[in-house]
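Asks: In case you want the letters, here they are:
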Amino acid sequence: MKKVIGLIAFLAIIYLLLLAADPGARLAANHFNLGRRIGLYGIISLGAGMLIITGGIDLSIGSVVGLCATLLAMLLRGDRFPRFPFKGWLFDQFNAGLDWLGSLVNFPEHPWAAILLVLLVGMGIGLMNGVLVTKVRVQAFVVTLCGLFIYRGISRFMAEDQVKGLGNQFGQLKSIFYSSEAIFGLPMSLVYFVGLLVLATVFLHWSIHGRYFFAIGANEKAARYSGVATDRYKILAYVLCSTLASFYGVLYLMQENSAQPSSTGNFLELYAIAGAVLGGCSLRGGEGSVGGLVIGTSILVLLPNLSLMLGIPSALEYTVIGGALLLGAVLDEVLRRVGQRSR
Amino acid sequence: MRCGIRRLGFVTGLVASIAFWGCSGADSVSVSDRPDVAFISNNAHEFWSIAKKGTEAAAKETNLKVTFLMPPQGTSEEQRRFIEDLMNKGVRAIAISPNDSANQVDFFRTINQRLPVIAVDNDLPSSEARRCYIGTDNVAAGRAVGKLIKQHVPPGSKFMIFVGKLDSQNAQERRLGVVTELAGDPDKAKEAVEKMNRNEYPVQFGDYELLGTMTDDADQAVCRRKAEDTLTKYSDVKCLVGLWAYNPPAILEAVVSQKKAGQVVIIGFDENEETLKGIRDGHIVGTVVQDPYNFGYESVKLMAALVRGDQSVLNRPDMNAEKQIFIRHRIVNKDGQTLAAYQDEKVEAVEPFHTRLKELKGQ
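From first to last, the protein sequence lines are chains A and B. Read in numbering that gives the first Met the number 0, the first sequence has 53 at position 54, and its numbers run on one by one without any break. Read in numbering that gives the first Met the number 0, the second sequence has 147 at position 148, and its numbers run on one by one without any break.
By construction, these hints were calculated from the structure, which means they are not laboratory data. Please read all numbers here as calculations on a predicted model, not as lab measurements. Treat each hint with caution, since some may be false.
[Unchecked claim] If we take Cβ atoms under 7 Å as the criterion, some of the chain B residues that face chain A in the derived model are:
no.: 1; residue: Leu68
no.: 2; residue: Glu76
no.: 3; residue: Glu83
no.: 4; residue: Asp84
no.: 5; residue: Lys88
no.: 6; residue: Gly89
no.: 7; residue: Asn102
no.: 8; residue: Lys164
no.: 9; residue: Asp166
We treat Cβ as the ideally placed atom computed from N, Cα and C, and that holds for glycine.
All chains, full assembly: derive it from the sequences and hints.
Replies: Okay, here's the thing in structure tokens:
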């Protein structure tokens with residue numbers, strides 16, 4: 000708690016500023032929007048945060064989001080997937096496999112199967128990342144940076160560079176994942192986020208498995224020598240991160256109604272990592288908390304809103320956000336030192 | 000304890016000082032007799048800074064306050080965020096170049112019920128989603144590019160198209176215009192276009208063979224690299240076409256670096272400084288320009304009328320039955336001469352065009 004006190008103060012400053020900036024900022028509608036955005040960004044920050052706690056990093060989050068949103072849109076539309084433009088036995092088998100998969104389930108009629116498949120794809124990507132990092136021992140930075148390029152390319156190839164939209168179909172799904180306000184009038188993304196937060200808190204802070212996450216991040220060797228199955232836990236962290244990214248892809252598609260294969264999810268990994276690090280996760284691993292993640296994400300969401308409400312030119316928006324974040328980080332550090340001295 | 004108090008003082012001081020700054024900012028915004036309207040572009044390219052000048056001029060004439068926003072990443076998600084926040088902030092009308100018009104119809108329909116929405120540059124495919132549309136007829140502008148090819152490239156030649164992203168509507172429309180003009184008519188183009196959409200290159204359009212469409216995710220350096228690779232791979236390519244503003248300069252750099260200047264015809268789109276310089280120097284045969292200044296100017300004029308309850312502007316004589324105002328594109332070439340294949344296109348010489356452009360940009 001001590002660690003996040005500076006952050007809470009910083010969030011409070013931004014929030015007060017926002018309230019003062021414009022009458023429109025005080026409206027319930029604005030708070031609803033902010034809540035929805037915190038829910039959305041929070042979900043990927045949560046995944047990135049848990050991974051960072053184990054000392055890992057995932058740069059492919061944005062591309063995984065793009066891939067999953069595009070894939071889901073195509074499955075729901077019942078689109079035909081392009082064939083690999085190469086000849087040869089292996090590619091023929093692969094193409095035949097695609098046809099077989101396509102004939103297996105009629106996804107437009109069974110949207111839940113499509114969502115499940117997309118989440119499994121996310122899980123599979125995480126598993127692959129995790130195995131490459133732990134078993135093959137390629138640096139996480141390299142593995143996931145390559146993923147960033149690979150999955151973006153696959154989405155574009157798969158969609159043949161076309162935007163994939165849902166039109167006005169799947170109203171029920173959109174309601175469940177986006178538009179419904181049935182639960183205390185809260186935006187759906189926030190509802191999912193809160194649910195995931197509870198699970199993450201139990202897992203990270205109240206279970207032995209969470210202890211292991213922190214132990215691995217702080218000193219992997221020590222953890223391994225004390226009998227922790229470090230590889231397995233690290234793989235788990237990658238799987239969680241990519242699965243949450245694919246879930247974000249589902250929510251994104253339901254909200255935006257379309258996936259743009261070349262840009263959906265671009266730079267999202269940076270927001271996710273920024274949210275986590277700002278919220279007290281150390282990139283060196285072994286530090287961080289669920290509460291901090293929430294605050295970090297909230298700050299990231301509030302700043303652009305504040306910038307617009309203050310009427311700052313949009314060209315300066317990034318500068319304002321970056322400057323404010325830096326100020327926050329400095330403030331956090333200063334408060335911490337002052338706190339230590341007074342003890 | 001003493002430090003604790005000092006800390007508290009520091010924080011409250013900071014809050015107070017920033018809050019004060021915030022309040023003073025708020026005061027300056029809430030001038031009441033000037034209605035707030037907003038203009039949202041689809042990305043942060045130079046093109047829109049010319050449109051911004053147009054909005055400023057019209058805002059002065061009509062006594063409006065215009066918030067001009069450019070989404071840095073150019074996604075529909077950012078635009079949605081801007082709109083939500085602007086509505087809470089109390090804007091009374093919005094002009095927007097929607098990034099993913101086909102799939103945002105429902106969203107814009109709900110917005111358009113609450114305040115006037117004007118589609119700029121990219122139309123929304125539903126009359127309920129916007130009051131009217133202002134922009135270029137991109138298929139027609141693409142056909143003008145096709146006419147430039149017909150005029151300057153010998154029949155039987157191979158050419159390549161460069162554009163930022165193909166999942167953007169104007170990119171697809173422009174490319175469709177180019178190949179339709181070369182094929183002769185839309186019916187003849189149809190089959191070839193389908194082949195093109197399936198990536199089965201090369202595709203024959205009339206007397207010309209399209210080698211492919213190169214995308215670069217709106218990155219000029221990537222475009223240049225791909226243009227260089229194209230020149231290396233296809234030694235017989237005769238023409239390179241760039242459909243987004245930064246494409247022609249990137250292509251020109253590539254052609255010069257590969258020592259192919261004079262052997263390859265370059266045709267551009269939009270009015271990038273380097274493109275105009277290339278035309279003046281004779282390296283680029285021509286470019287098709289839009290009129291972003293009037294996108295901005297006309298849309299603010301329309302918003303001014305609509306927020307003051309004047310619906311008659313929606314029956315302006317230059318508006319067609321679908322409530323579209325097409326702002327005419329032009330061909331810019333070296334001497335402003337209308338050549339045989341240009342047919343009924345408007346043509347302008349690069350010098351006077353550039354002079355006027357510089358005035359608009361305040362240079």
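Asks: If a hint holds in the structure, say so; if it does not, say that too.
Replies: Outcome of the hint check:
Interface restraint check: Leu68(B) against chain A, minimum CB-CB distance 4 Å, threshold 7 Å, status holds. Against a cut-off of 7 Å between C-beta atoms, the interface hint on Glu76(B) holds, since the closest Cβ of chain A lies about 6 Å away. Because the beta carbon of Glu83(B) sits about 5 Å from the nearest beta carbon in chain A, less than 7 Å, this interface hint is met. Hint on Asp84(B) holds. Least Cβ distance to chain A is approximately 5 Å, under the 7 Å limit.
A cut of 7 Å between beta carbons decides the hint on Lys88(B): the least distance to chain A is about 4 Å, and the hint holds. Given hint, Gly89(B) at the interface with chain A, holds; its Cβ is 5 Å from that chain's nearest Cβ, closer than 7 Å. The closest approach between the C-beta of Asn102(B) and any C-beta of chain A is roughly 3 Å, which is under the 7 Å cut-off, so the hint is satisfied. Interface restraint check for Lys164(B): the shortest CB-CB distance to chain A comes to about 5 Å, inside 7 Å, so the restraint holds.
Residue-level restraint check for Asp166(B) holds (minimum Cβ-Cβ distance to chain A is 5 Å; threshold 7 Å).
Consistency note: the structure conflicts with none of the earlier hints.
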